[in-house]
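Trainee: Sequence:
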Amino acid sequence: MFLLLSALTFFLILGTSHIQTIAGLIIGGLLAAPLAAKLAGRLKTKTMLISVGTLVIISSIRTLWKTLSAI
2 MFLLLSALTF FLILGTSHIQ TIAGLIIGGL LAAPLAAKLA GRLKTKTMLI SVGTLVIISS
62 IRTLWKTLSA I
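First residue of the sequence shown? That's 2 in my numbering, and the numbers climb one at a time after it.
What the hints contain is simulated information worked out from the structure, not anything from laboratory work.
Only a predicted model underlies this, so the values are computations on that prediction, with no experimental measurement involved.
Some hints could be false.
Straight line, CA to CA, 20 Å or less: simulated SDA-like cross-link-like pairs of lysine to any residue [said to hold, decoys possible]:
no., residue 1, residue 2
1, Lys39, Ile23
2, Lys39, Met49
3, Lys39, Thr22
4, Lys47, Ile58
5, Lys47, Ile59
6, Lys45, Ile28
7, Lys45, Leu26
8, Lys45, Gly29
9, Lys67, Met49
10, Lys39, Ala24
11, Lys45, Thr55
12, Lys39, Ile51
13, Lys39, Ser18
14, Lys47, Leu36
15, Lys47, Arg63
16, Lys47, Leu31
17, Lys39, Leu50
18, Lys45, Val57
19, Lys67, Ile51
20, Lys67, Val57
21, Lys67, Leu50
Label-pair ranges, simulated between beta-carbon atoms [stated by the list, open to error]:
no., residue 1, residue 2, range
22, Ala38, Leu6, 30 to 38 Å
23, Pro35, Leu56, 30 to 38 Å
24, Ala34, Gly54, 19 to 27 Å
25, Ser18, Arg43, 36 to 44 Å
26, Pro35, Ile72, 23 to 31 Å
A virtual CB, placed ideally from N, CA and C, is assigned to each residue, including glycine.
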């Protein structure tokens with residue numbers, strides 16, 4: 002149900018001009034969900050928190066670096 006509502010929200014907000022982006026997000030979510038569920042069951046909470054935090058920090062530094070280098 003959530004997937005259907007998410008897709009509907011994307012269609013309503015973005016329209017059909019971004020159909021490839023929307024389809025990619027939906028397919029990626031469908032493929033990643035079982036893997037994420039297995040990892041969440043096997044990894045310790047602290048390990049997951051550190052991993053996600055590290056990915057967010059790396060992504061933020063990369064975005065900041067690109068933004069500042071464009072100035």
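Trainee: Would you mind marking each hint as holding or not holding in the structure?
Mentor: These are the hints, each one checked on the structure:
no., hint, verdict
1, Lys39 / Ile23, "violated (25 Å)"
2, Lys39 / Met49, "holds (12 Å)"
3, Lys39 / Thr22, "violated (26 Å)"
4, Lys47 / Ile58, "holds (16 Å)"
5, Lys47 / Ile59, "holds (18 Å)"
6, Lys45 / Ile28, "violated (27 Å)"
7, Lys45 / Leu26, "violated (27 Å)"
8, Lys45 / Gly29, "violated (24 Å)"
9, Lys67 / Met49, "violated (27 Å)"
10, Lys39 / Ala24, "violated (24 Å)"
11, Lys45 / Thr55, "holds (16 Å)"
12, Lys39 / Ile51, "holds (18 Å)"
13, Lys39 / Ser18, "violated (35 Å)"
14, Lys47 / Leu36, "holds (18 Å)"
15, Lys47 / Arg63, "violated (24 Å)"
16, Lys47 / Leu31, "violated (25 Å)"
17, Lys39 / Leu50, "holds (16 Å)"
18, Lys45 / Val57, "holds (19 Å)"
19, Lys67 / Ile51, "violated (24 Å)"
20, Lys67 / Val57, "holds (15 Å)"
21, Lys67 / Leu50, "violated (26 Å)"
22, Ala38 / Leu6: 30 to 38 Å, "violated (20 Å)"
23, Pro35 / Leu56: 30 to 38 Å, "violated (20 Å)"
24, Ala34 / Gly54: 19 to 27 Å, "holds (21 Å)"
25, Ser18 / Arg43: 36 to 44 Å, "holds (40 Å)"
26, Pro35 / Ile72: 23 to 31 Å, "violated (42 Å)"
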